[in-house]
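Chain A is already provided as a structure; the job is to place chain B on it using the hints.
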Amino acid sequence: MMQRYEALQAIRDMRTDEIVLATMSAIKDWHKLSSGSLDFYVAEAMGYASSLGLGLCLSQPDRKVIVLDGDGSLLMNLRTLVTIAGVQPDNLIHFVLENGLYEVPGGIPLPGAGKYNLTELARASGLRAYGFDQLADFRGQLAAIWKEAGPTFVSLKVDRGPSEPFAPIAYVEIARRFEQALKE
Amino acid sequence: MTRRGWLICEALRNSGIEYIAWVPDSETHFIHDAMLGDSSLRVIQVCSEGEGIALCVGLHMGGKRGVALMENQGAFDSGNILRWAAGYRFPLVLLIGYLGYRLIEETPAGKMRKGQREITEPFLKALDIPYELVNSDHEVDRISEAISRAERESRPVAVLLASADDFVPGGRGTDG
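Residue numbers (our numbering), protein chains in the order written: chain A, 1 to 184; chain B, 1 to 176.
The hints are simulated quantities; they were obtained by calculation from the structure and are not laboratory data. Being a predicted model, the structure only gives us computed values, none of them experimental. Virtual Cβ for every residue (Gly too), placed ideally from N, Cα, C. Misleading hints may appear alongside valid ones.
Partial list, computed: chain B residues near chain A (C-beta under 10 angstroms) [unchecked claim]: (1) Ile44; (2) Glu51; (3) Ile53; (4) Leu55; (5) Met61.
Some chain B residues flagged as far from chain A (calculated, every beta-carbon gap over 12 angstroms) [what the hints assert, rightly or not]: (6) Leu36; (7) Ile119; (8) Ala126; (9) Val168.
One chain only, chain A, in its complex shape:
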């Protein structure tokens, strides 16, 4: 298992000018690691960060789009794997931070937690998929994954994050800043 913050740190260290969309609990840690104009927080649109990312992949084909999803969020919109595989955006990496919990409402176990394998589900949907549960392995493979043509799915097995409220974030203002940055 990895700590979510450490896993996101590895992604932050690799990132240069890529678009990053973070959703749900990933927002808490990503906001501490990066708060630039190409960061967008998909708060409250439960499950749809990867669908929004797919739209960005199509409208910004020269930029890589990084989606930081959660397992609970992905399960709300699992069909996204099939849609993405159908469209085949070569600029998408879809990371899913798996801790088997709905963390926001207090750490409730996901339905079927431990009985399914998201990496295999992604692979069966037609995506290139990787799964990591050790930080050193993930860091060791990340540069190669980053360079591959997408779409790529990466599951990261992480521990439950610290129990802390979301920092106050001006989500709508950040959305406008993000849109503006993409125009420049």
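Quick look at chain B alone, frame taken from chain A:
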């Protein structure tokens, strides 16, 4: 191919729409051939209507113009993402097949269930999404007006599309 389907595609092209995020539905069956045969419109098939809505938000943020084409039942299924998009004031355009509209209009005695007709417009009103109805060829220009309004007012706008062919849900249309 119906004339209205062709007119709708022409209206989308003329408004600068490049993408249609699409879940097929029986009410807008009349558009399908025109849409799929139009090389200037890129049709992105999604598995669910909510995905189509989120995809259109991504297109907009990245500087491209798209519409989400779905049935009213799919819009109902997408309530939260629609609420989210309205709250962020994204200029979304929803083309919504109006299941139940024409049949109820033609059979006021109630041969067809009334649910979609009674819920569709109140559903959009509850989300503060303005809408127009297109039920004839000469009303197709309401689509261009809706696209302009969405952008001018930075908000989702819907166009309800009544069926324009003899396609029977679950059956085969006049074109086979």
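Structure-based check of each hint:
{"no.": "1", "hint": "Ile44", "result": "6 angstroms, holds"}
{"no.": "2", "hint": "Glu51", "result": "4 angstroms, holds"}
{"no.": "3", "hint": "Ile53", "result": "8 angstroms, holds"}
{"no.": "4", "hint": "Leu55", "result": "4 angstroms, holds"}
{"no.": "5", "hint": "Met61", "result": "5 angstroms, holds"}
{"no.": "6", "hint": "Leu36", "result": "15 angstroms, holds"}
{"no.": "7", "hint": "Ile119", "result": "22 angstroms, holds"}
{"no.": "8", "hint": "Ala126", "result": "17 angstroms, holds"}
{"no.": "9", "hint": "Val168", "result": "27 angstroms, holds"}
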